[in-house]
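Listed in order, the protein sequences are those of chains A and B.
Each residue of the first sequence is one higher than the one before, starting from 1 at the first, in the numbering used here.
Each residue of the second sequence is one higher than the one before, starting from 1 at the first, in the numbering used here.
Warning: the hint list may mix true and false statements.
Below, simulated DSS-like cross-link-like pairs (lysine-lysine); rule was C-alpha separation at most 25 Å, straight line [stated by the list, open to error]:
| id | chain 1 | residue 1 | chain 2 | residue 2 |
| --- | --- | --- | --- | --- |
| 1 | A | Lys4 | A | Lys94 |
| 2 | A | Lys4 | B | Lys252 |
| 3 | B | Lys156 | A | Lys4 |
| 4 | B | Lys96 | B | Lys156 |
| 5 | B | Lys252 | B | Lys156 |
| 6 | A | Lys101 | A | Lys37 |
FRET-style restraints, in silico, Cβ to Cβ [what the hints assert, rightly or not]:
| id | chain 1 | residue 1 | chain 2 | residue 2 | range |
| --- | --- | --- | --- | --- | --- |
| 7 | A | Pro155 | B | Ala25 | 42 to 48 Å |
| 8 | B | Ile127 | A | Asp55 | 31 to 37 Å |
| 9 | B | Gly104 | A | Ser98 | 45 to 51 Å |
| 10 | A | Phe81 | B | Gln224 | 32 to 38 Å |
| 11 | B | Leu249 | A | Leu106 | 23 to 29 Å |
| 12 | A | Leu58 | B | Gln224 | 48 to 54 Å |
| 13 | A | Trp169 | B | Ser107 | 57 to 63 Å |
| 14 | A | Ala50 | B | Ala237 | 43 to 49 Å |
Calculated from the structure, these hints are not laboratory results.
Here a beta-carbon is modelled for each residue, glycine too, at the ideal position from N, C-alpha and C.
Chain residues, written in single-letter form:
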Amino acid sequence: MTSKRIYQWFIGTSIVLFFISLTQVDLEYARLTTGFKDFAEMLLKMFPPANLEWDRVLEGVLESWHIAVVGTSIAIVISLFLSLTAASNVSPMKGLSSIVKGFAALMRVIPVFIWALIFVVSLGMGPLAGIMALAVHSLGMLIKVYAESIEEVKPGIIEAMRSTGAGWWSMMMRGVIPSAMTSILSWSLFRLEIDLRYSTILGMVGAGGIGLIMLGTLRMYNLQATLSIILIMFAMIFTVEFIGSRIKARWLNGPTKRTGVTIG
Amino acid sequence: MLQLRWKNMLVITFLVSMVGWSCVASEFKPVMVITSMSDAFAYIWNDFLPPDFVNWQHMLKYLLDTIYMCYIATFISVVISLFISLCASQTTTPVKWLYPIARGIASVLRTIPSTVWVLLLVVSVGIGLTSGVLAMILAGVGWLTRAFAEVFDEMKQGQMEALRATGAGWVHVVSQGILPQSLPAILAWALYAFDNSIRDSTIIGMVGGGGIGFYLQESVKLFQFQEMTAGLVALLALIIGIEFATNMLRRKLL
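Same shape as in the complex, but just chain A:
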């Protein structure tokens, strides 16, 4: 069987490549064993979780939440307008569509942590850098998916509105956006979920929120407090995931079922 041969060949090559990679990289094997012992010892030292300054941690949790909400809202508002110019079926100018889509692709392909790094350098450490990083990165994804939702609007609706002599603007507001609303809403919610997850760890590059506080406790080798914060982050991410899946299952047709969009 030829397909079996392909698999054998593929697996064989990947094993060979694995050993080649091992020789190319200076992994410290000695460190690997002792390090793992140290790692386990450190994990043990982290128990029980304690030593927490609750008010600061609560502040960090809320800050993460605010960063995600504000960043996503900015992206939603801007993308709603830009996606109207990016959707090829309603775009006012032909050339504009591909320019906006190209812009969105660039925003999307640069990882969110690079954006955070750039904004931390240019705006200083703190929540503003996190907000802007999330906004810019979300913009890249939302423009794309909103434009796709708008492109799926039935041509009949657009034709009908055009024949009544409606202007471009009222056509968008009364015909196109309402018909794409369900899918726009579910994508926005999905993006909020992603941003909430990012906002917990964005702090580790200096962009505010709970991550920044964890970095502080770890630098001071306050291991028990670090574990408490990790548990809180765990709870935050878990809650967001749980509520998100509930909402999607109940009210909206989940965008996660679609394919062709890269997230991250």
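Assemble the complex: chain A is given as a structure, and chain B must be docked to it using the hints.
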């Protein structure tokens, strides 16, 4: 579902007040979108552009390190996940009580972000590739286990039943029935995991795990912004290239 007018208004009011609260609490004013964007892009324009490839040999080393480290981590996590996921699927688990344990391990590993793992490993193992690879393995095992377990859950039972009926032991059922049948799906997930780890390597490097992310962070710390842009361009080329390559392989294999 969204039919009742007053209900709509209620939802909108709620959402707007949430956003308003967040804006007030994080001291964010809508006008700051424009000011901070223009600040940041002026900064990018003046200090980050054009990319400076002067240190390209140095950069290439980090870039290659990234590829190797992602490959090693993906390979090891695929192997480990295969074993754990066989226990984490109800149809394939050899012993019933292993199932909740395997599921639990996977979900803890998955929910704790890989950056947290790196930070902890950097403290105990030290800054560098070794921590990065270990963190990637921990994170990779978390979600690959779940993905593989779902593959096993969706498998057709007939073949396995037939094998079991002949009196084959668990190892035999796995190697003759389960693995051959789910191989395409597993390889597709493995390719996706490699793709994903290349993206993930940025942040892992930035918090001390080696690779291109480390290079980016270092050049920012040394105020070599144009070199950072060069690294960024190389990283984007790598991300796009790897995505293209894995997509092609996936089409070949499936």
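Hints versus structure:
1. Proposed proximity of A:Lys4 and A:Lys94 is contradicted: the alpha carbons are some 48 Å apart, above 25 Å.
2. With a C-alpha separation of about 12 Å, the suggested pair A:Lys4 and B:Lys252 falls inside the 25 Å cut-off, and the hint holds.
3. Distance check on the hinted pair: B:Lys156 and A:Lys4 sit about 19 Å apart at the alpha-carbon level, within 25 Å; holds.
4. Between the alpha carbons of B:Lys96 and B:Lys156 the distance comes to roughly 20 Å, so the proposed pair stays at or under 25 Å and holds.
5. Simply put, B:Lys252 and B:Lys156 have alpha-carbon atoms about 23 Å apart, close enough for the 25 Å limit, and the pair holds.
6. For the hint linking A:Lys101 to A:Lys37, the alpha-carbon distance of about 49 Å lies beyond 25 Å, and the restraint is violated.
7. Distance hint for A:Pro155 and B:Ala25: a CB-CB separation of about 44 Å, consistent with the stated range 42 to 48 Å.
8. Distance hint check: the CB atoms of B:Ile127 and A:Asp55 are about 32 Å apart, consistent with the given range 31 to 37 Å.
9. A hinted range of 45 to 51 Å holds for the C-beta pair B:Gly104 and A:Ser98, which are about 48 Å apart.
10. The supplied range of 32 to 38 Å is met by A:Phe81 and B:Gln224, whose beta-carbon atoms lie about 37 Å from each other.
11. Between B:Leu249 and A:Leu106 the C-beta distance comes to about 26 Å, which sits within the given range of 23 to 29 Å.
12. Restraint check, A:Leu58 to B:Gln224: a C-beta distance of roughly 38 Å breaks the suggested window 48 to 54 Å.
13. Against the hinted window of 57 to 63 Å, the Cβ-Cβ separation of A:Trp169 and B:Ser107 comes to about 48 Å, which falls outside the hint.
14. Checked against the hint of 43 to 49 Å, the C-beta distance between A:Ala50 and B:Ala237 comes to roughly 47 Å, which is consistent with it.
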